[in-house]
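> Given next are the chains, with one letter for each unit.
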Amino acid sequence: MKALSKTFGFALAVTAVFAAFAAAATLALGSTSLSAGNAAVSSCGISSLTATRDVDNSGNVLQVNVSGVAASCTGETLSVTLKSSTGSSLGSASTTISGTTATVTGFGSVSATNVYGYAFAVEGA
Amino acid sequence: MKKILLLGVVATIAIGTATGFAATLSVGSNHLWAGTQSLTKATCTLTGTTQSVDTYVNQASANTSYGTTTTMLVQPNSGSEKRALITFDLSKCSPTIPTTGGADTATLALHVTSAPTRSRTLTLWRATSSWSSTSTWNTQPSLASSSTTTFASGTTASTINVPVTVDADDIIKGSTNYGWVVTDEGSTAAGDTTTFATSNSTTNKPVLTINYEK
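Residue numbers (the working numbering), protein chains in the order written: chain A, 1 to 125; chain B, 126 to 339.
Chain A on its own, in the form it takes in the complex:
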């Protein structure tokens, strides 16, 4: 009986561990449905992207020219964010990929002097 009680205690402990993991994935829900989770996703074949930008005579970014796009990414969406020296966003724009290079426009009035990096995201079905 004593051994059985120990076993039962162990079982409760196991339950608590699993419950803790379950709680880690719990989300605060509103009145609409919400799902969360994780799974492995693959890229469309990109290993790295590099960019240059064109400027106007005042030094504002007109467009960002991205190279290194895999041909298999055609039809997917490329988003580019201009980053400041502190990593904050100065502006974002996106385009639909249609080749191995892409031109992204529409960043608004962003001075190239303030751009210290690009963040890229490629997303598609």
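Hints listed in this document are in silico derivations from the structure and should not be mistaken for laboratory results. Just so you know, not all the hints are guaranteed correct.
Claimed, not checked - Here are the computed distance ranges between Cβ atoms for each label pair:
hint: 1; chain 1: A; residue 1: A119; chain 2: B; residue 2: K217; range: 49 to 57 Å
hint: 2; chain 1: A; residue 1: T77; chain 2: B; residue 2: K339; range: 24 to 32 Å
hint: 3; chain 1: B; residue 1: N286; chain 2: A; residue 2: L62; range: 17 to 25 Å
hint: 4; chain 1: B; residue 1: S271; chain 2: A; residue 2: G87; range: 36 to 44 Å
hint: 5; chain 1: A; residue 1: T77; chain 2: B; residue 2: S312; range: 49 to 57 Å
hint: 6; chain 1: A; residue 1: G91; chain 2: B; residue 2: T328; range: 39 to 47 Å
hint: 7; chain 1: A; residue 1: S72; chain 2: B; residue 2: G311; range: 53 to 61 Å
hint: 8; chain 1: A; residue 1: T96; chain 2: B; residue 2: T193; range: 55 to 63 Å
hint: 9; chain 1: A; residue 1: T96; chain 2: B; residue 2: G311; range: 42 to 50 Å
hint: 10; chain 1: B; residue 1: S271; chain 2: A; residue 2: N65; range: 19 to 27 Å
hint: 11; chain 1: A; residue 1: G91; chain 2: B; residue 2: T253; range: 51 to 59 Å
hint: 12; chain 1: B; residue 1: G316; chain 2: A; residue 2: T86; range: 20 to 28 Å
hint: 13; chain 1: A; residue 1: S58; chain 2: B; residue 2: G299; range: 56 to 64 Å
A virtual CB, placed ideally from N, CA and C, is assigned to each residue, including glycine.
Given the coordinates of chain A, work out where chain B should sit on it, guided by the hints.
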């Protein structure tokens, strides 16, 4: 009694396990890739006879070169038009500007040593063929089909900062650098000559400043 407790143990573990994996979801098979690229910045300032070449050409003396003078003249007069020519050697920048970079801003500083009596609208053109300090009106370079910018001469001696960011960016990315030509496209009137200091001058030499990424 033992069976009841054993059943309880099994049920407890089963419930706990089920609770633990209830949060695992399938999110489909969408493609997703993310990456970053960092940029570093530098500034290049070019001036003087070892980093620049300048002169002017004179329609009235079409075979005369002015490459050693300390001033260069710009005036509109038909038949005696004068144009200033200037270029900088970007290979003298340190650190070297990579062709994968680009100009964030670029400014050409020209010092007016003698201003016209009325302010002139001067035009800056990109030169599109080679020239040297010994070039003359008859051997001057060709000009781009559209101008880089226009700027006012002013009526007093002062330094004028002319933005040339697009041209500098283009040159950094591999376009051949033939420099610039300053013209006065306006109508002719007396006292319209704008005089700039050249790289041969002891002070106020032309300066090209490029803020670039590398």
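> Each of the hints needs a verdict: does it hold here or not?
How the hints compare with the structure:
1. Against the hinted window of 49 to 57 Å, the Cβ-Cβ separation of A/A119 and B/K217 comes to about 34 Å, which falls outside the hint.
2. Between A/T77 and B/K339 the Cβ separation comes to about 30 Å, which falls inside the hinted range of 24 to 32 Å.
3. Hint check: B/N286 to A/L62, Cβ distance near 21 Å, so the stated range 17 to 25 Å holds.
4. Judged by the Cβ atoms, the range 36 to 44 Å given for B/S271 and A/G87 holds: they are separated by roughly 38 Å.
5. Distance hint check for A/T77 and B/S312: the Cβ-Cβ separation is about 54 Å, which falls inside the suggested range of 49 to 57 Å.
6. About 42 Å separates the C-beta atoms of A/G91 and B/T328, a value consistent with the hinted range of 39 to 47 Å.
7. The given range of 53 to 61 Å is respected by A/S72 and B/G311, whose C-beta atoms sit roughly 57 Å from each other.
8. Separation of A/T96 from B/T193 is about 58 Å and conforms to the stated range, judged on CB atoms against 55 to 63 Å.
9. Between A/T96 and B/G311 the Cβ separation comes to about 48 Å, which falls inside the hinted range of 42 to 50 Å.
10. Checked against the given bound of 19 to 27 Å, the beta carbons of B/S271 and A/N65, roughly 22 Å apart, stay inside it.
11. For the hinted restraint 51 to 59 Å between A/G91 and B/T253, the CB-CB distance of approximately 34 Å leaves it violated.
12. Between B/G316 and A/T86 the CB atoms are about 53 Å apart, so this pair departs from the stated range of 20 to 28 Å.
13. The beta-carbon spacing between A/S58 and B/G299, approximately 22 Å, falls outside the hinted interval of 56 to 64 Å.
Of the numbered hints given earlier, the model fails hints 1, 11, 12, 13; all others are met.
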